[in-house]
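These protein sequences, in sequence, are chains A and B. Each residue of the first sequence is one higher than the last, beginning at 1 in this note's numbering. Each residue of the second sequence is one higher than the last, beginning at 1 in this note's numbering.
No lab work stands behind these hints: they were computed from the structure. From a predicted model like this one, the values you see are computed outputs, not experimental measurements. Be careful, since some hints might not be right.
Restraint-style ranges between C-beta atoms, simulated for each label pair [claimed, not checked]:
| hint | chain 1 | residue 1 | chain 2 | residue 2 | range |
| --- | --- | --- | --- | --- | --- |
| 1 | B | D189 | A | N231 | 31 to 39 Å |
| 2 | B | Q46 | A | T323 | 30 to 38 Å |
| 3 | A | E156 | B | A420 | 53 to 61 Å |
| 4 | A | P63 | B | P403 | 54 to 62 Å |
| 5 | A | R290 | B | P403 | 49 to 57 Å |
| 6 | B | T370 | A | P193 | 26 to 34 Å |
| 7 | A | T323 | B | S383 | 35 to 43 Å |
| 8 | A | A306 | B | Q46 | 37 to 45 Å |
| 9 | B | Q267 | A | R160 | 50 to 58 Å |
| 10 | A | N231 | B | S383 | 50 to 58 Å |
| 11 | B | L401 | A | P121 | 34 to 42 Å |
Quick look at which bits of chain A chain B covers, simulated, 3 or more residues with Cβ under 8 Å [stated by the list, open to error]:
| hint | region |
| --- | --- |
| 12 | 2-15 |
| 13 | 70-79 |
| 14 | 140-149 |
| 15 | 172-186 |
| 16 | 219-227 |
| 17 | 312-320 |
Built from N, CA and C at the ideal position, the CB exists for glycine as well.
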Amino acid sequence: MDIPEYRRQLSAELEQAAGQPGFRELLARSRRGAEPHAAAASPGPATEDDLTAAIAVLRDGEPDEPLRSAALQVISSAVDEQPDLIDALTGVLLDAARPADLRTAVLDTLQQISFRMVAFPGKRPDYLAALRSVIDDPDAGLRQRAIGILAREKDEYVQRRLIDGLEGRSAALVPAEKAIQYLGYDIHAEYFPLLRRIVENPPSPAARTEAVRLLAADPSSADLLLTLLSNKQENGDVRRVSAIGLQSAAPARFEEQARRIVLDDDEDDQLRAMSITALTHFANPEALSRDDELTGRIEQLRADSASQQVRQATMSYLAKHGT
Amino acid sequence: MRSEITFNSNASPAARYVGWAPVPVQVQLADTTGATDPVTVRLRNQNAAQGGQVEFFTSATNTGQAEIELSLPVTGEPADLRIAGVFQRPSSADGDAAVEVVDANTSEVLGVTPLMVRIRKNAATLSDAERDRFLTALATFNDRGRGRYGDFRNVHTEAGSPEAHGSTGFLPWHRNFLLDLERELQAIDPSIAMPYWRFDQPAPSLFTGDFMGVPNPHGTLQFSAVNPLQFWVTDGTPGIVRPVRFNTQTQHANVFSEASTLLLGGQDAQYEAFRQLEGNPHGTAHTSFGGSISSIPTAVKDPLFFLLHANVDRLWAKWQWHFQRFDVESTDTFPAQGKAGDPGANRVGHNLDDTMWPWNQVTTPPRPPTAPGGTLAPSPLTSAPGLSPEVGALIDYQGVLTPPTRLGFDYDDVPFEFPAAS
Ligand SMILES: [Cu+2]
Numbered sequence: 001m002d003i004p005e006y007r008r009q010l011s012a013e014l015e016q017a018a019g020q021p022g023f024r025e026l027l028a029r030s031r032r033g034a035e036p037h038a039a040a041a042s043p044g045p046a047t048e049d050d051l052t053a054a055i056a057v058l059r060d061g062e063p064d065e066p067l068r069s070a071a072l073q074v075i076s077s078a079v080d081e082q083p084d085l086i087d088a089l090t091g092v093l094l095d096a097a098r099p100a101d102l103r104t105a106v107l108d109t110l111q112q113i114s115f116r117m118v119a120f121p122g123k124r125p126d127y128l129a130a131l132r133s134v135i136d137d138p139d140a141g142l143r144q145r146a147i148g149i150l151a152r153e154k155d156e157y158v159q160r161r162l163i164d165g166l167e168g169r170s171a172a173l174v175p176a177e178k179a180i181q182y183l184g185y186d187i188h189a190e191y192f193p194l195l196r197r198i199v200e201n202p203p204s205p206a207a208r209t210e211a212v213r214l215l216a217a218d219p220s221s222a223d224l225l226l227t228l229l230s231n232k233q234e235n236g237d238v239r240r241v242s243a244i245g246l247q248s249a250a251p252a253r254f255e256e257q258a259r260r261i262v263l264d265d266d267e268d269d270q271l272r273a274m275s276i277t278a279l280t281h282f283a284n285p286e287a288l289s290r291d292d293e294l295t296g297r298i299e300q301l302r303a304d305s306a307s308q309q310v311r312q313a314t315m316s317y318l319a320k321h322g323t
Numbered sequence: 001m002r003s004e005i006t007f008n009s010n011a012s013p014a015a016r017y018v019g020w021a022p023v024p025v026q027v028q029l030a031d032t033t034g035a036t037d038p039v040t041v042r043l044r045n046q047n048a049a050q051g052g053q054v055e056f057f058t059s060a061t062n063t064g065q066a067e068i069e070l071s072l073p074v075t076g077e078p079a080d081l082r083i084a085g086v087f088q089r090p091s092s093a094d095g096d097a098a099v100e101v102v103d104a105n106t107s108e109v110l111g112v113t114p115l116m117v118r119i120r121k122n123a124a125t126l127s128d129a130e131r132d133r134f135l136t137a138l139a140t141f142n143d144r145g146r147g148r149y150g151d152f153r154n155v156h157t158e159a160g161s162p163e164a165h166g167s168t169g170f171l172p173w174h175r176n177f178l179l180d181l182e183r184e185l186q187a188i189d190p191s192i193a194m195p196y197w198r199f200d201q202p203a204p205s206l207f208t209g210d211f212m213g214v215p216n217p218h219g220t221l222q223f224s225a226v227n228p229l230q231f232w233v234t235d236g237t238p239g240i241v242r243p244v245r246f247n248t249q250t251q252h253a254n255v256f257s258e259a260s261t262l263l264l265g266g267q268d269a270q271y272e273a274f275r276q277l278e279g280n281p282h283g284t285a286h287t288s289f290g291g292s293i294s295s296i297p298t299a300v301k302d303p304l305f306f307l308l309h310a311n312v313d314r315l316w317a318k319w320q321w322h323f324q325r326f327d328v329e330s331t332d333t334f335p336a337q338g339k340a341g342d343p344g345a346n347r348v349g350h351n352l353d354d355t356m357w358p359w360n361q362v363t364t365p366p367r368p369p370t371a372p373g374g375t376l377a378p379s380p381l382t383s384a385p386g387l388s389p390e391v392g393a394l395i396d397y398q399g400v401l402t403p404p405t406r407l408g409f410d411y412d413d414v415p416f417e418f419p420a421a422s
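All chains, full assembly: derive it from the sequences and hints.
Next up, the structure:
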């Protein structure tokens, strides 16, 4: 590779990218009839006028997506110098009269800014407070985004609202599987009885699988996970999630069961491939090397399993543990 | 008679990894009984058709040569030269490159030294074997939530955030964070280099059950039955939550293109302006998904974090190469010269001469109250950037201006060049 030539290619790409329309040009084009003045297309850092125009674009509920994105970009880039722009964005987010897709784009920009929000710590409480009011928004997408962000911040208010929904004390904010998933960002021992009840009496199959996933964090649920994993009549997703949970909560009990699944002729191939994979990577290599019955079985599966995944799993196993 | 090559004065095979930046090596003769005259030898790639390729530099040349002739004394006195990978001819497996030393007069092969041209690659271009080695090392390091990955997870939180974000130190801090994980993975499997997610291009092979997973309808990832990432656990809870907000099979994330990103610093390439990339594309790439990766306190729960940040770091590296921004004393390269407490200085951790948390293990305010994970993982290839590095040690990562600062990694599309003679 000729490096000077490579550099010239990149320079040409940069030159081309520099000619793409920015916020000013998009704005000028959108104002049909109005003669775009010469300064419209000129590049350069955002001015006060640009920022005022960008905020107006959002407040007007601008339908043109490229212009709207460019406006959000202008604001986002200027936030480091003018943290108060966050307030303007929060204002649009909270204005239920604006279109939901615009508010969603604004929320995504605020969340993108939150990766730098340490630079303006004073804005954080306001942002979280705004999110708390959005969790009851009629728009489901907006609601879910706000709940997700708060759940990841371990926000107690949203946790209580999610529990209330799952317990049936108030209308659910989100489907049960999402509520459980959100609670998983800050798992508390007091959730475990609720999760076990959901496993027994699930509002949906997906909610049941999510509840099983979280129960891995509960040492006293290992028996339940083992029961779910060993039951061949059980739903495949639930068995796999139980396997992963048991593998984490009680590795020795999992490995015993995984071995059984590998040896059993009458088992699900996906679960068998998964069990072989788990043993390959995490089981004690010395114990495996002494286990002639298991090694023999894995060699046999490599030769004649009908499942490509099982054969692939046996090859990794034998590459690492075979003799 | 035979010939030996030593990398970086380290005879161990663990030192036989190169990138695009030239590495000092020593060539010498051994078993010379009976011989009296110096021997002229030729060094070349054993197989020029396949595997990683290297080129050779003598101290007199700054241009790599495919073959080089040297005269070696029979006393066993070593000759110094430098070896680098040939740009865009990386290895795909450990030891798939090899330097052959032959007697220039008799063509007798005096020695063959296998090595690896180990390069951080676009994740979408990895072979199945490269991908599986990476996933295995990652899963082994996490060890079902019992391993040391938890330390990395516990560093990137609300408390640690001011050390890493919102100021000049964003890029150097994350460069070190990546390097720390990469070195830990290399201790498990030295053939691994951190792959990157090029978020401004579609990466369909990355977002599959065999690689980084596919979300189910409510966003919990599903993996193929042979993928060790299916056993991923953080904070005591299995699984990774990552709902998508773009079509990962046909689209890229809604972020600035590489070219637009490289222009953020302006035509005069100022770091202070370039670091706007912390918003778009960096923050935007994080929020192109829902789930863990879209919030600071949970982002590292999802190992895609490191592929995302490898791309952010690659963009910085590419900007540095294109605009020649390696001189740590230039404010174009890094504006926050000096250290915290100096007039006009930034927050501690964001100035050139500040050490970085957690690797400095400082837990007195304003640093966070704990410093998980200890000092930086060491490397058999280099002592840079030090176990408790200062910000400035992360900048000239290829050793362009000061060879000893070479950090031992390179990207598949960012070459090494000697400084322009001016
Ligand atoms: Cu990040």
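Report task. Take the C-beta atom of E156/A and the C-beta atom of A420/B, compute their distance, and say whether it sits inside 53 to 61 Å. Result -> holds, 58 Å
Query raised in the report: Are there at least three residues in the region 2-15 of chain A whose beta carbon sits under 8 Å from a beta carbon of chain B?
Result: Held - the region 2-15 of chain A has 7 residues with a Cβ nearer than 8 Å to chain B, which meets the minimum of three.
Query raised in the report: Would you say the region 140-149 of chain A counts as covered by chain B, given the rule of at least 3 residues with C-beta under 8 Å?
Result: Held - the region 140-149 of chain A has 4 residues with a Cβ nearer than 8 Å to chain B, which meets the minimum of three.
Report task. Could you say whether the range 50 to 58 Å given as a hint is met by the Cβ separation of Q267/B and R160/A? Result -> For R160/A against Q267/B, whose Cβ atoms are near 53 Å apart, the range 50 to 58 Å holds.
Query raised in the report: Quick one: are R290/A and P403/B within 49 to 57 Å, going by C-beta?
Result: Distance hint for R290/A, P403/B holds at roughly 51 Å.
Query raised in the report: With a Cβ-Cβ cutoff of 8 Å, does the region 219-227 of chain A contain at least three residues near chain B?
Result: Violated: only 0 residues of the region 219-227 of chain A have a Cβ under 8 Å from chain B.
Report task. Please test the hint of 54 to 62 Å on the beta carbon pair from P63/A and P403/B. Result -> About 56 Å separates the Cβ atoms of P63/A and P403/B, which means 54 to 62 Å holds.
Report task. Given the range 50 to 58 Å, decide if the beta-carbon distance of N231/A to S383/B lies inside it. Result -> holds, 56 Å
Report task. Starting from the hint 35 to 43 Å, judge whether the C-beta atoms of T323/A and S383/B obey it. Result -> holds, 41 Å
Query raised in the report: For the region 172-186 of chain A, does the count of residues with a C-beta closer than 8 Å to a C-beta of chain B reach 3?
Result: holds (count 6)
Query raised in the report: CB of D189/B to CB of N231/A, is that within 31 to 39 Å?
Result: Distance hint for D189/B, N231/A holds at roughly 37 Å.
Requested in this report: Take a look at whether the Cβ-Cβ distance between T370/B and P193/A falls inside 26 to 34 Å.
Outcome: holds, 32 Å
Taken one by one, the earlier hints fail for this structure only at number 16.
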